[in-house]
Structure formats: structure tokens, C-alpha cells
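Undergrad: Line by line, the protein sequences are chains C and U. All residue numbers for the first sequence refer to the numbering used here, where the first residue is 100 and numbers rise by one. All residue numbers for the second sequence refer to the numbering used here, where the first residue is 100 and numbers rise by one.
Since the hints were made in silico from the structure, they are not lab data. Among the clues, some could well be false.
Any copy, or any two copies together, can satisfy a pair, since identical chains are not distinguished.
To be verified - Here are the simulated BS3-like cross-link-like pairs (lysine-lysine), alpha carbons at most 27 Å apart as the crow flies: (1) Lys-423 with Lys-157; (2) Lys-594 with Lys-561; (3) Lys-449 with Lys-157; (4) Lys-423 with Lys-231; (5) Lys-455 with Lys-231; (6) Lys-455 with Lys-121.
Number of protein chains: 2
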Amino acid sequence: MTTAINPTREENYPEWYQAVVKAADLAEVSPVRGCMVIKPWGYALWERIQACLDAMFKATGHVNAYFPLFIPLSYLEKEAEHVEGFAKECAVVTHHRLEMGTDGKLVPAGELEMPLVVRPTSETIIGAMYAKWVQSYRDLPILINQWANIVRWEMRTRLFLRTTEFLWQEGHTAHETRQEAWEETLRMLEVYRTFAEDYLAIPVLTGEKSAGERFPGAVSSFCIEAMMQDRKALQSGTSHFLGQNFAKASEIMFQSREGGQEYAWTTSWGASTRLIGGMVMVHADDNGMVIPPRLAPSHVAVLPIIRSEEDRAGVLAYCEGIVKALRERNYHDKPLEVVLDLREMNAGEKSWDWIKKGIPLTLEIGPRDMANDTVFVGRRDKDRKERAGMGRTEFIAGVQGILDDMQQNLFQRAKAFREENTEAIADWEAFRAFFTPANEERPEIHGGFSLSYWCGDPACEKRVNDELAVTIRCIPLDAREHGTGKCISCGGESKTRVVFAKAY
Amino acid sequence: MTTAINPTREENYPEWYQAVVKAADLAEVSPVRGCMVIKPWGYALWERIQACLDAMFKATGHVNAYFPLFIPLSYLEKEAEHVEGFAKECAVVTHHRLEMGTDGKLVPAGELEMPLVVRPTSETIIGAMYAKWVQSYRDLPILINQWANIVRWEMRTRLFLRTTEFLWQEGHTAHETRQEAWEETLRMLEVYRTFAEDYLAIPVLTGEKSAGERFPGAVSSFCIEAMMQDRKALQSGTSHFLGQNFAKASEIMFQSREGGQEYAWTTSWGASTRLIGGMVMVHADDNGMVIPPRLAPSHVAVLPIIRSEEDRAGVLAYCEGIVKALRERNYHDKPLEVVLDLREMNAGEKSWDWIKKGIPLTLEIGPRDMANDTVFVGRRDKDRKERAGMGRTEFIAGVQGILDDMQQNLFQRAKAFREENTEAIADWEAFRAFFTPANEERPEIHGGFSLSYWCGDPACEKRVNDELAVTIRCIPLDAREHGTGKCISCGGESKTRVVFAKAY
Chain C
100 MTTAINPTRE ENYPEWYQAV VKAADLAEVS PVRGCMVIKP WGYALWERIQ ACLDAMFKAT
160 GHVNAYFPLF IPLSYLEKEA EHVEGFAKEC AVVTHHRLEM GTDGKLVPAG ELEMPLVVRP
220 TSETIIGAMY AKWVQSYRDL PILINQWANI VRWEMRTRLF LRTTEFLWQE GHTAHETRQE
280 AWEETLRMLE VYRTFAEDYL AIPVLTGEKS AGERFPGAVS SFCIEAMMQD RKALQSGTSH
340 FLGQNFAKAS EIMFQSREGG QEYAWTTSWG ASTRLIGGMV MVHADDNGMV IPPRLAPSHV
400 AVLPIIRSEE DRAGVLAYCE GIVKALRERN YHDKPLEVVL DLREMNAGEK SWDWIKKGIP
460 LTLEIGPRDM ANDTVFVGRR DKDRKERAGM GRTEFIAGVQ GILDDMQQNL FQRAKAFREE
520 NTEAIADWEA FRAFFTPANE ERPEIHGGFS LSYWCGDPAC EKRVNDELAV TIRCIPLDAR
580 EHGTGKCISC GGESKTRVVF AKAY
Chain U
100 MTTAINPTRE ENYPEWYQAV VKAADLAEVS PVRGCMVIKP WGYALWERIQ ACLDAMFKAT
160 GHVNAYFPLF IPLSYLEKEA EHVEGFAKEC AVVTHHRLEM GTDGKLVPAG ELEMPLVVRP
220 TSETIIGAMY AKWVQSYRDL PILINQWANI VRWEMRTRLF LRTTEFLWQE GHTAHETRQE
280 AWEETLRMLE VYRTFAEDYL AIPVLTGEKS AGERFPGAVS SFCIEAMMQD RKALQSGTSH
340 FLGQNFAKAS EIMFQSREGG QEYAWTTSWG ASTRLIGGMV MVHADDNGMV IPPRLAPSHV
400 AVLPIIRSEE DRAGVLAYCE GIVKALRERN YHDKPLEVVL DLREMNAGEK SWDWIKKGIP
460 LTLEIGPRDM ANDTVFVGRR DKDRKERAGM GRTEFIAGVQ GILDDMQQNL FQRAKAFREE
520 NTEAIADWEA FRAFFTPANE ERPEIHGGFS LSYWCGDPAC EKRVNDELAV TIRCIPLDAR
580 EHGTGKCISC GGESKTRVVF AKAY
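Can you make the complete structure from the sequences, with help from the hints?
TA: Rendered as C-alpha cells:
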């Protein structure tokens with residue numbers, strides 16, 4: 100069987116991923132080391148992610164603001180673990196102009212007294228502002244989100260998954276009490292879970308990170324973790340309880356209800372363009388991208404098939420009528436988005452173009468469909484051979500139901516895949532075998548997620564990582580409900596069952 | 100008369116501006132030199148600008164994408180005038196990590212072989228991508244916009260008007276023919292004019308820049324120019340016809356219909372957070388910000404006035420009913436946005452807080468209003484003394500009309516102000532007097548816009564600038580329709596009447 104994407108997932112998963120991103124025209128490598136260009140179809144996915152998440156943030160009481168791109172070195176130094184975590188990957192601005200050198204080439208000039216870092220995350224600069232804004236408990240909580248670009252100097256990059264510059268949102272909140280900040284941390288984790296499952300159709304596990312995987316400077320980090328089709332994990336959103344660490348570093352103090360001076364309790368939480376990579380790796384197939392309907396920038400591509408000039412006017416008028424009727428319908432409180440593709444190109448190529456782009460539905464419409472008052476419907480989550488004719492009015496009346504069915508199908512399929520590839524493993528040898536690729540040339544083929552006990556010792560966590568390149572993805576929120584067992588590494592008594600996996 | 104803003108516009112215009120921005124809580128200076136923090140209410144204005152402009156860009160066939168923050172030095176060098184124009188204000192990244200120095204302070208490490216510039220504008224990096232994307236005339240036009248942050252190292256900064264980092268959009272298009280690119284340039288100028296006048300309620304002049312004021316590397320630059328309340332001009336959006344200059348620099352070549360190789364014709368156009376500063380300087384008054392209704396993040400603030408506990412439940416229920424009824428109404432195809440302000444604070448202070456923030460309408464509602472089934476309406480474009488009672492149902496039914504009337508009133512008021520302060524001046528002495536402040540301590544008090552002839556000689560333009568700090572703001576699109584006259588500077592024959600003004 101020929102497929103639109105070469106190689107296929109089975110043949111070479113990493114190359115398949117790059118090929119899907121290219122064939123769907125989502126993004127490409129730029130001439131700037133490690134930075135990507137997000138192309139219009141990829142950026143349209145990001146606009147949908149922004150719109151949906153932004154509405155969820157606002158519904159939970161947050162507002163947007165914007166803080167500087169640059170962070171003075173002295174700010175970064177304020178929180179010891181934080182600077183330790185980010186120092187190795189900071190782009191540093193040292194000059195503020197260019198001069199023509201003697202060789203006719205530009206050279207940096209105007210050296211700064213204090214170098215500036217391009218933000219790798221904004222806790223320190225935002226903390227400095229909150230310290231000014233917060234005087235009294237009446238000024239709390241502060242519930243602010245920022246949509247921004249971020250730079251973390253990466254040595255090995257991959258489109259969407261790991262790039263030097265990426266787009267994200269970062270929420271930063273400050274609270275009067277530990278309890279409030281803790282609740283906020285878990286509330287935003289739940290927002291991410293809901294968004295991933297209901298919009299991206301990606302089932303996720305929610306849990307806490309081990310100390311070794313924690314955000315630098317956080318007291319507790321929580322995450323959503325998803326399984327990709329190569330059975331590796333992708334961390335897809337994080338929510339951090341920062342305790343009073345950053346409040347102390349930035350001196351966010353307030354007069355309490357009792358009249359004393361106290362440090363605020365803060366949180367931060369973020370999700371990024373990485374989510375687009377996650378959608379590709381969870382839903383795409385050997386014919387290209389598959390976009391869940393609720394995230395789709397366009398839901399339906401109408402493709403007129405004109406084989407002779409005498410058919411043209413009739414087919415176009417029939418198609419335009421269908422487009423108009425569809426655009427009058429809503430899909431989840433927004434108008435249904437329909438593309439009428441009038442490009443002059445081979446009908447098969449045009450249809451494949453939309454398949455590779457992952458649009459949920461294609462309607463191929465020729466003279467025979469017009470004569471029968473039908474449409475020929477392709478549904479992106481089904482095999483291309485299952486395309487079928489359908490009455491025009493029936494399709495128009497039922498389009499939302501078809502899209503919802505596709506949304507559910509994608510979610511259930513991904514969930515079933517994760518469940519098939521998740522095992523509760525208690526024994527080190529079985530664990531080792533589960534994570535050891537049978538074929539050395541195909542390192543990506545291994546078991547998946549293992550639910551195993553861990554005693555809590557970082558040495559045990561490190562051994563698993565060193566020997567198998569496997570990490571603790573999260574300690575599920577219900578980790579204590581599974582009784583006790585033996586640590587997968589040392590065999591010691593353990594009260595906590597965690598998720599082990601290879602990860603991006 | 101006491102005013103909420105001190106000093107007043109009359110007393111000290113520049114300080115009044117800073118005081119309005121502060122009192123409305125729009126933005127503040129950050130600890131990072133020249134960079135501002137855009138606070139939630141200011142950022143909400145930017146979100147409205149984004150939403151409205153973005154819809155207009157999409158309606159004219161454009162799509163969004165995202166290009167890298169960093170530009171390699173070698174790219175910037177490609178267009179000679181361009182690099183000349185921006186070299187003096189570029190932030191330069193020279194290192195990609197930090198190390199702990201011997202004194203316990205962080206120092207830059209990992210020097211880059213080729214320094215990177217933080218984008219001051221993106222023609223060169225986007226041009227490099229278009230060169231890859233364009234092979235044939237079939238690949239044209241490319242109609243892309245980007246929402247992004249930009250860095251231009253400024254020595255003297257002012258919130259919104261001139262900051263080292265700012266937010267903007269930059270459109271970059273590539274076309275098959277000169278004519279198409281020219282039409283695109285003027286189409287986007289018209290989009291900016293429509294947006295400024297219909298949404299921001301700011302009347303603008305449209306025209307071409309003189310060579311001296313042109314975008315570095317452009318063939319022709321067009322702009323919208325507005326008059327502030329100190330009679331100075333603010334350039335509020337620009338649209339550049341780049342000819343084939345950047346296509347040649349970036350090698351954007353295509354196979355033409357005739358089979359030859361040709362360079363593409365390109366345009367670029369942008370508007371920024373500066374528009375928020377423009378809104379302040381055109382509409383705000385001595386009591387603070389005034390937001391035109393079509394740009395307002397919230398249209399109505401409902402302020403319950405509770406003087407005794409026994410009134411509380413009744414007044415709140417009455418207010419909630421009004422809020423609910425208002426939220427069911429639309430304003431220009433979007434739900435009307437209503438704030439119910441339940442903060443525990445003095446009623447007068449609360450009302451002033453919303454006046455300073457510039458919300459279009461306030462409803463102060465106490466037990467007497469409830470008894471009379473009325474609301475007490477304050478309209479931000481009128482004097483506070485004109486607040487008046489109005490029947491509840493009458494207000495709810497008429498709210499859109501009131502908002503539209505306010506929108507029109509703001510526009511007409513600004514237009515009348517500009518007309519009052521615009522003169523057709525033919526004589527150098529009169530011109531000099533027009534632009535010379537009567538009081539040396541109040542340099543901002545001068546005539547306004549002068550419509551005067553100019554022979555086209557850059558030396559004449561320079562003299563006016565050197566002697567009076569006055570520049571040619573634009574050559575209006577209808578400049579040739581005013582016959583001929585004598586150049587204001589040299590007295591020579593001139594066919595073009597231009598707009599002279601002091602400017603931000």
C-alpha cells in the first residue's frame with residue numbers, strides 16, 4: 100500500500116514525524132540555529148490553542164499582561180536553584196548597537212554594563228514587579244497570564260518539540276495563603292488536563308514530578324503527560340507550586356490581616372507550541388496530519404471536481420450553495436469554518452493535499468454528485484477507502500455530529516493505545532525487558548508506560564535513568580491509592596506507584 | 100475645579116500623559132532599561148487592537164505566521180540602507196550561556212561565532228524564507244502577517260510612544276508585479292486609516308513620507324498621521340512599498356509567466372502598541388483615560404451603592420438583573436462587556452477609579468434608583484456634572500445607541516481640534532511664528548499642522564527641521580490637487596503641498 104508520508108511510522112518514527120510536519124506545511128527549520136518558522140497552517144493551530152486556553156484562563160479569573168523580554172543578570176541570580184537550572188541555556192545580550200568594522204563587516208558595539216538575558220521563563224522579572232504591586236493582603240491574589248516568546252539555548256532541536264525559541268503562555272500568580280496557592284496550582288493543572296483531553300483529544304496522566312524533574316526553584320511541580328505513538332511520553336503542560344521561594348527571592352511581601360509582614364505564596368504554569376508536536380505524534384498517520392475537529396482552523400474542505408468546461412458553472416454553483424449553508428452553522432459556539440478550494444490542480448493531488456494537512460472533512464463534488472444531490476465525504480480519522488456519498492441535506496444537517504464523532508473517536512483511539520501500552524511491572528528484569536528495544540536499529544520500539552513502585556530515593560531514580568534512559572514521568576495524584584509494593588530499582592518497601600517512561 | 104489628574108494638560112502636557120497612563124493603570128516602567136510592563140488594563144486595549152486589526156487583515160486575504168526573534172548579522176548586512184538605518188539601535192546576542200565567575204557573579208560564556216541581532220523589524224529574515232518558498236509565479240502572492248515583539252535600543256523612552264521593546268504586527272507580502280505590490284501598499288494604508296478612524300476614533304491624514312523620513316530600504320513609505328492634544332503629530336501606522344530592493348537583497352526570484360527569472364515585488368506594513376499612547380493623547384482629559392467604545396475591553400461599569408446593610412441584598416439583586424440584561428445585548432457583533440464592581444471601597448473613590456480608567460459608561464445604583472426603576476448614568480466623554488438618572492428599561496434598550504453616539508462624538512471632537520489647529524501657511528515668518536512657542540517654558544504650545552508648499556529639495560526639508568524641529572509628516576495623497584505655490588523654505592516654485600508638524 101502506498102502512503103502519502105515516507106517513511107511510515109513503522110519504518111522510522113522520527114523521520115516520519117519530520118515528514119508529517121513538512122507535508123502538512125506546519126513549520127520548517129530557519130537559517131537561525133535552533134529556531135523554527137511556524138508556517139500559516141501551523142500558526143493557525145497555535146491561534147486555536149491560544150483562543151481556547153485564553154478563554155479557559157479568563158473563565159478562571161485570570162487577566163493577560165506583558166513583561167519585558169530581557170532579564171538583568173542580577174535578577175536571575177536571586178533564586179539559587181533557578182539560576183542553576185537555566186544558566187546553561189541562556190541567550191545573552193551584551194551590546195546595544197552595531198558598527199562597521201575595518202573589514203566592512205558589522206561588529207557589536209556599545210557594550211552593556213550589565214548583560215541582559217533573553218527570558219528563558221519570567222518568574223524573576225515578574226516577581227520584581229509583583230514586589231512593587233503588593234503592599235497589603237488586599238492586593239492579593241494577583242492572577243496574571245502572559246503570551247510570549249521564550250528562548251532556551253538547545254543543542255539538539257526538533258520542530259515544535261524542542262527549539263531554541265518557542266511560543267508559550269506563562270501564568271504567574273501570587274496569593275495570601277499556602278492553601279490558595281496550592282489550590283491554584285491544581286486548578287490550572289486541571290485546566291490543562293481538560294484542554295488536552297477535550298480539545299486536543301489527547302488523553303493525559305496528571306501527577307507530580309519527582310524532585311529530580313522539578314522546575315528549578317519550585318516546591319512542587321505538576322504536569323500532564325501524554326503517550327505518543329512511539330510509546331514515549333511527552334510532557335505537555337506544567338503547573339508549579341513555588342511556595343515562598345520566589346517571593347523571598349523577589350521580596351514579594353505584604354501586610355497580613357493580622358498586621359504582620361508576610362511573604363506571598365506564588366505559582367507558575369505554562370504550555371507551549373510543543374502541544375502542536377504532541378498533536379502530530381498522537382493523531383497523525385501514514386498519510387499525514389490529523390487535526391481534532393475542536394482544534395481545527397478549518398473543518399471542511401470543499402473540492403469541486405470539474406472534468407469538462409461545460410460542467411464548471413453548475414458544479415461551482417452547487418458547491419457554493421453547500422459552502423454557504425455550512426457557514427451558517429455553528430460548531431461549539433463558533434461558526435463552522437469551510438474552505439472552498441478553487442486552485443487549478445489535479446483533483447487527486449488537491450484531495451491529498453488536504454489529507455496531508457489533516458482537515459477533518461473533505462467533500463469531493465463533481466457533476467454526478469450534483470445530479471444526485473449528494474456529497475462525497477472523506478473523514479480524516481477513517482481510511483481513505485471509506486469515503487462515501489451522502490445526501491446533501493443530510494450532511495449539512497449532521498455535520499456537527501460527524502465532527503463530534505470524529506473528536507470522540509480520536510480521543511478513544513489514543514486512550515486505547517495508551518492503555519494497551521501501559522503495564523504494571525513489579526520486577527526489575529521484566530522492567531528492563533519492557534524498556535529495551537528488541538532491535539538495536541529501532542531504539543524507539545519498546546514497551547511504553549510502566550506503573551511501578553518507587554521508594555522515593557533519588558539514587559533509585561538515577562539508576563533507572565542511567566541504565567535504561569527511563570525517567571519518572573509523574574507521581575499520579577492517586578499514587579497512594581494503590582497500596583504498597585517493592586521499589587522497581589532497590590526492591591525496598593514503597594508506598595508510591597509512579598509512571599516510568601522514555602520521554603521527549 | 101479639582102481634577103483627577105495632576106498636572107492638567109494645560110499645566111504640563113508631558114507629565115499629564117505619564118500621570119494618565121499611571122492613573123488608568125495601563126503600563127509602567129520596568130527595571131529593564133527602556134522596557135515597559137503593560138499592565139492588564141493596558142494589555143486589554145492591545146488585545147482589542149489585535150482582535151480588530153487581525154480580522155481586517157484576514158478579510159483582506161492575509162494569514163498569520165511566526166518567524167525567528169533572532170537575525171544573523173550577515174542577513175542584516177544584505178540591504179545597505181536597511182542596515183544603515185537600524186545598526187545604531189540593535190540589541191546583540193553574543194553568548195549562549197552563563198557561568199559562575201570567580202567573584203560569585205554570573206558572566207556570559209559560550210561565545211557565538213556569528214552574533215545575532217534581536218529583530219528590530221523582520222524584512223531580512225522573512226525575505227530569506229520567501230526566497231525558499233517562491234519558485235514560480237504560481238507561488239505568488241504571499242500575504243503573511245506576524246504579531247511579535249520588536250527591540251530597538253532607544254536612548255530616551257516614553258511609555259507606549261517609544262520603548263526599547265514593543266509589541267506590533269508586521270505584514271510582509273511578495274507579489275508578481277509592481278502594480279500588485281503598489282496596490283497592496285495602499286490597501287493596507289487604507290486598512291490602518293479605517294481602523295484608526297472607525298475604532299480608535301482618531302482622525303488621521305494619509306500620505307507618503309519624504310525621502311528623508313522613509314523606512315530604510317523602502318522605495319516609498321506611506322503613513323497615517325494623527326494630531327495629539329498638544330498639536331504634535333504621531334505617526335500611527337506605516338505601509339511600505341519596497342519595490343525589488345529586499346527581493347534583490349534576499350534573492351526572492353521566480354519563474355515568470357513568460358518563463359524568465361524575475362525578482363518579486365514586496366511590501367511591509369506595521370502598527371504597534373504606540374497606538375495606545377495615541378489614544379491617550381487624543382482622547383484622555385484632565386480626569387484620566389477616555390476609551391472609545393469600539394475599543395473598550397469593558398463598556399459599562401455597574402457600581403452598587405450600599406449605604407446600609409438592609410439595602411444590600413435588594414440593591415445587589417437589582418444590579419445583577421441589569422448586568423444580566425446588558426450582557427444579553429451585543430455591541431457591534433460582540434457581546435456587550437459589563438463589569439459589576441463589588442469591591443469594598445468608598446463609592447466616590449470607586450466611581451473615580453473607573454473614570455480614570457476611561458470606561459465608556461458608569462452606572463451608579465443605590466436604593467433610590469432601585470425604588471424608581473432608574474439608573475444613574477455617567478458618560479465618559481461628557482462632564483461628570485452631566486451624570487443623570489434614566490429609566491432602567493430605556494437605558495438597556497438604548498445602550499448601543501449611547502455608545503455609538505460617544506464613539507462619534509470622540510471622533511468629531513478630535514477632528515474639529517485638528518481642523519482648528521491646522522493652517523495653510525505660505526510665508527516663512529508666519530511659519531516660524533506658528534511653530535515657535537510663545538513661552539519658552541512651555542515648548543509644547545505651538546500652532547499645530549501647517550499645510551505648506553515644498554519644492555522637494557531635501558536641503559529645504561533639513562533647514563525647517565534644524566531651525567524649528569519641524570518635519571514633513573506626509574505628502575498627502577491629494578498633494579497635487581492644490582495647484583502650485585512657493586516652497587516654504589526657499590520660496591522656489593513647488594507643485595506639492597505637504598503637512599509640516601512637530602512630532603513624537
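Undergrad: Hint by hint, which ones does the structure fall short of?
TA: 4
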